[in-house]
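One letter stands for each residue in the lines below.
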Amino acid sequence: MTHAYTPGLRIAEKTKVTSRRVLPLMGDVIVKKGDVLKAEDVVAMTHLPGKVHALNAVNRLGIQPKDLREYMLKKVGDPVQKDEPIAETKPWVKMLKSVLHSPITGTIETISTVTGQILLREPPKPIQVFAYVDGTVMEIMEKEGVVMETTATFIQSIFGVGGEAVGELVIAVNTPGDILTAERILPAYKDKILVGGAFIQHNVIDKAKKVGVRGIIVGGFDDEDLRKLLGYDLGVAITGSEDIGITLIITEGFGQIQMAQRTFELLKSRAGAKTSINGATQIRAGVVRPEIIIPHNTTGKISGEKMDKPIDRGMEVGDPVRIIRVPHFGKIGRIKSLPFSPQKIETEATVRILEVEFSDGATAIVPRTNVEMIET
Amino acid sequence: MIKDDLNVIIATDCGSTTTKAILIEKKDGVYRQTFRGESPTTVEAPFEDVTRGVLNAFAEMEELSGRKILDGEKIITPAEGNVGVDIYVSTSSAGGGLQMMVAGAVKAMTAESAQRAALGAGAIVMDVIASNDQRLPHEKIDRIRHLRPDMILLSGGTDGGTVTHVVELAEYISAANPKPRLGMTFQLPVIYAGNKEAREKIKEILSKKTSLNITENLRPTLERENLFPARQEIQKLFLEHVMAQAPGYKKLMSWTGAPIMPTPGAVGLIMQTIARKNNINVVGVDIGGATTDVFSVYGEIFNRTVSANLGMSYSISNVLAEAGLENILRWVPFDIDESDLRNRIKNKMIRPTTIPQTLEELKIEQAISREALRVSFEQHKSLAVGLKGVQRERDISEAFKQEIAGETLVDMLKLDLLVGSGGVLSHAPRRSQAMLMMIDAFQPEGITRIAVDSIFMMPHLGVLSTINEKAATEVFEKDCLIHLGMCVSLVKGSIGKLQEKCISYKIAMPDGKKINESLPYGDLRVHPLSIDQAAEIEVLPTKNFDVGAGKGKPIVKKVLGGVVGIVIDTRGKPITLAKDKASRTEQLQQWAKAIGAYPD
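If you read the protein sequences in the order shown, they are chains A and B.
So for the first sequence, this note's numbering puts the first residue at 1; every next one is plus one.
So for the second sequence, this note's numbering puts the first residue at 1; every next one is plus one.
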């Protein structure tokens with residue numbers, strides 16, 4: 001028996017959201033538990049080891065690897081300046097002296113008497129981790145980072161490109177079925193996060209980038225335009241580190257698809273609020289989906305939380321579902337029946353199916369794996 | 001560890017998304033696969049314990065089979081009546097499988113041998129670092145640091161040969177100070193299988209920063225490869241380090257009666273067993289959602305490659321990126337807008353568990369699969385070159401000749417059996433679709449038998465073969481392998497004009513009936529011959545064409561049946577597709593009709 005799997009994307013009007021803010025290497029956490037922070041605040045910092053440069057010393061000096069140490073002016077661990085002599089030969093005739101200069105400022109990493117190489121390392125590069133969301137430090141992971149917590153509107157989407165971005169949320173269209181056109185991108189949208197409707201094209205994203213828009217949330221997008229945006233065909237869905245100057249999040253899928261009414265309404269209700277988004281997507285084991293976090297300006301406890309729970313029960317008759325594959329892609333309806341026995345579909349495959357009833361009363365038979373459960 | 005006294009065996013494969021369990025029972029002295037159960041794999045949050053998924057799959061199995069397998073969370077052993085099992089075995093590719101980086105002195109020699117050793121052990125090779133790979137030292141170091149493999153295999157130099165290069169590579173690894181993917185607090189396992197003269201130096205450089213393991217040189221001399229010790233060390237470390245760090249695996253390891261194997265390692269074993277037992281050459285493919293594995297066994301020589309990002313769901317978009325839109329479109333038997341096709345592929349990628357509902361969608365997926373299989377097979381053929389196998393002696397001049405020629409060892413004319421596995425092949429609604437996909441993608445030459453894995457159980461049988469080869473082979477032959485039939489094809493380079501006279505053939509059918517027909521160039525025809533039947537075929541090509549014996553020369557051969565039958569294919573090698581869209585779609589429809597691939 002196969003299990004119907006739904007991605008179970010979370011959509012919540014008001015919920016507790018935690019965010020792990022972790023350094024890539026051990027470092028220093030500079031905030032305390034309980035601190036109330038802004039998204040732009042630094043929570044932890046460290047130094048990434050510098051780039052390593054290799055110098056073929058023996059070739060340059062015309063010596064044997066085993067003799068290299070004798071000619072060194074510096075030893076392992078010593079700091080060096082760019083162009084500073086680090087090794088030299090000692091011939092009788094001074095004119096014949098060869099000197100090896102450091103190509104970088106950094107330290108001597110290793111001196112090899114086997115390969116005759118000197119490895120030099122550039123100075124460490126400082127890196128900082130930001131809070132990313134307005135909220136409270138709930139947990140300190142010593143030397144690693146923090147866990148931020150906030151009460152927020154939280155929306156998981158289906159796909160995104162570009163990393164973290166923070167800005168004020170602006171609804172740039174009238175309805176979820178609208179197309180976000182170039183005329184709708186106004187100079188006033190600098191540093192904002194825009195909500196579009198059903199579709200956006202590459203040239204419009206270009207204009208948004210020129211204006212200085214930080215992020216765009218939209219229902220659908222063409223793969224052809226994604227290729228133009230990235231400059232290559234995206235092969236494996238691991239995104240988030242693209243350097244494209246903007247974060248793009250699509251809520252429904254590829255093609256022109258109206259943004260789910262509920263998602264649109266929820267975003268509209270939070271227009272003007274400070275919003276944190278991340279396009280990072282990883283569709284593999286350990287799925288990561290893009291997220292939209294819009295913190296509420298509340299410091300008190302969450303009361304009367306209205307939150308859509310991730311779907312953790314089986315499907316039942318009457319449940320609302322969205323069909324996620326052609327021929328009914330994007331349509332929303334309710335489960336009319338859930339026949340137990342697998343049935344033959346048009347492809348002649350025998351699979352478990354369900355019957356969906358749409359708002360106009362029409363019905364369709366759909367494989368169970370081709371729907372996702374949604375909340376009303 | 002051979003176990004003969006087994007009557008009830010339960011086996012699982014913990015895949016990245018699904019844990020699949022099968023039950024094997026000995027009935028009337030013969031092992032048969034009787035029930036199967038599956039459940040989502042639970043390596044990730046919120047469960048983070050692989051055994052939950054295994055227990056769920058067992059629970060489904062209990063429901064279906066009526067056999068009580070679990071007492072709480074304990075497997076009941078041994079089997080008595082309808083209670084318990086005699087042994088539990090498992091494979092795993094959960095959490096991304098075994099991801100390795102290999103390093104060798106010379107790219108085309110030790111580095112390539114190291115790559116083959118890692119692939120043969122069931123690993124995904126993330127990168128191959130070599131002294132002469134054209135990258136600058138800091139680029140190599142950056143790469144080693146950023147990739148975060150599960151382990152590194154370092155080789156280089158024949159025994160008594162170069163020390164410098166391999167020491168240089170060790171220095172780069174040391175400078176990168178890489179961390180393992182799982183278990184941040186542990187040191188990264190590094191296997192050294194290079195020049196034995198360099199061992200002390202390697203210890204000096206790497207023993208403090210990594211968990212260094214030294215084994216025999218995998219290329220002791222230029223003309224000899226010795227991959228077995230390195231492969232064993234990889235599998236040992238896979239269990240000790242990688243598996244032990246993955247959530248729940250310590251518990252899982254305590255349940256199994258044989259060491260857990262990486263899934264592709266187990267599939268490779270079963271391929272080798274089949275080739276050895278039947279004394280045949282085998283090519284096998286396992287096309288999954290994320291990766292495609294290709295195996296070949298020619299005589300004593302076994303090769304395995306993995307195309308880590310070619311697959312039908314998670315990696316479907318990468319098939320488009322690697323093969324190109326044109327190549328996919330050429331297999332689509334109807335007109336479709338390019339932008340629409342692109343969006344459909346991406347939508348499958350972002351919702352990988354959906355299945356085609358319409359015939360049109362099925363045809364698109366099967367078109368993409370042809371390219372995923374073709375590109376994976378090309379990658380396999382390009383690595384299955386030069387020196388191969390364990391301790392295979394060969395003349396030095398021959399070794400050089402092979403390197404220069406770069407000739408693949410995968411000779412399609414000498415191939416006896418082509419086996420396909422994985423969802424798109426095993427679960428194709430009609431078996432004829434699987435046969436046509438494999439013929440189009442692999443383009444067999446001469447006469448080749450083609451089969452599919454019925455429900456994806458080759459990994460289970462592979463690990464089972466390590467403790468009971470009889471059980472594994474019996475189930476493989478009776479329940480796993482579905483023979484589709486035999487394909488009679490032109491050999492490589494056979495190109496003609498459409499409808500040109502190409503071959504005539506006679507088939508002596510088992511019921512005494514004689515078929516005496518001819519087939520022009522560019523066509524496909526099927527003669528049914530059921531799975532347990534055999535016939536004799538005589539094929540006479542015209543003077544411009546070759547079916548294996550030379551141009552214009554006839555061949556006579558016994559052919560075995562299958563659920564599809566004997567497929568006579570005169571479409572040329574490579575298959576000649578019309579250039580204009582309308583003629584091409586007409587061709588594709590005609591061929592699909594000839595083999596009965598789709599409903600009318």
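The hints are simulated quantities; they were obtained by calculation from the structure and are not laboratory data.
This one's a predicted model, so the numbers in the text were calculated from it and none came from an experiment.
Some clues are possibly wrong.
[What the hints assert, rightly or not] Straight-line distance between alpha carbons at most 16 Å, and here's what the computed EDC-like set of lysine to aspartate or glutamate pairs gives:
no., chain 1, residue 1, chain 2, residue 2
1, A, 51, B, 139
2, A, 125, B, 335
3, A, 209, A, 233
4, A, 51, B, 142
5, A, 336, A, 348
6, B, 514, B, 479
7, B, 277, B, 240
8, B, 579, B, 300
9, B, 414, B, 300
Here is what the structure says about each hint:
Taking the CA atoms of residue 51 of chain A and residue 139 of chain B, the gap is near 9 Å; set against the 16 Å cutoff, the hint holds. Among the hinted pairs, residue 125 of chain A with residue 335 of chain B is inconsistent with the structure: their alpha-carbon atoms are about 54 Å apart, more than 16 Å. About 21 Å separates the Cα atoms of residue 209 of chain A and residue 233 of chain A, which puts this hinted pair outside 16 Å; it is violated. Our distance criterion of 16 Å between C-alpha atoms is met by residue 51 of chain A and residue 142 of chain B, whose separation comes to about 7 Å.
Distance hint between residue 336 of chain A and residue 348 of chain A is unfulfilled; the C-alpha atoms sit about 23 Å from each other, more than 16 Å. Between residue 514 of chain B and residue 479 of chain B the CA atoms are separated by roughly 32 Å; this puts the pair beyond 16 Å, and the hint is violated. Restraint check for residue 277 of chain B and residue 240 of chain B: the C-alpha separation of about 32 Å exceeds 16 Å, so the hint is violated. For the proposed pair residue 579 of chain B and residue 300 of chain B, the alpha carbon gap of about 42 Å is over 16 Å, so the pair is violated.
A distance of roughly 14 Å separates the Cα atoms of residue 414 of chain B and residue 300 of chain B; the hinted pair therefore holds under the 16 Å criterion.
Consistency note: the structure conflicts with the earlier hints numbered 2, 3, 5, 6, 7 and 8.
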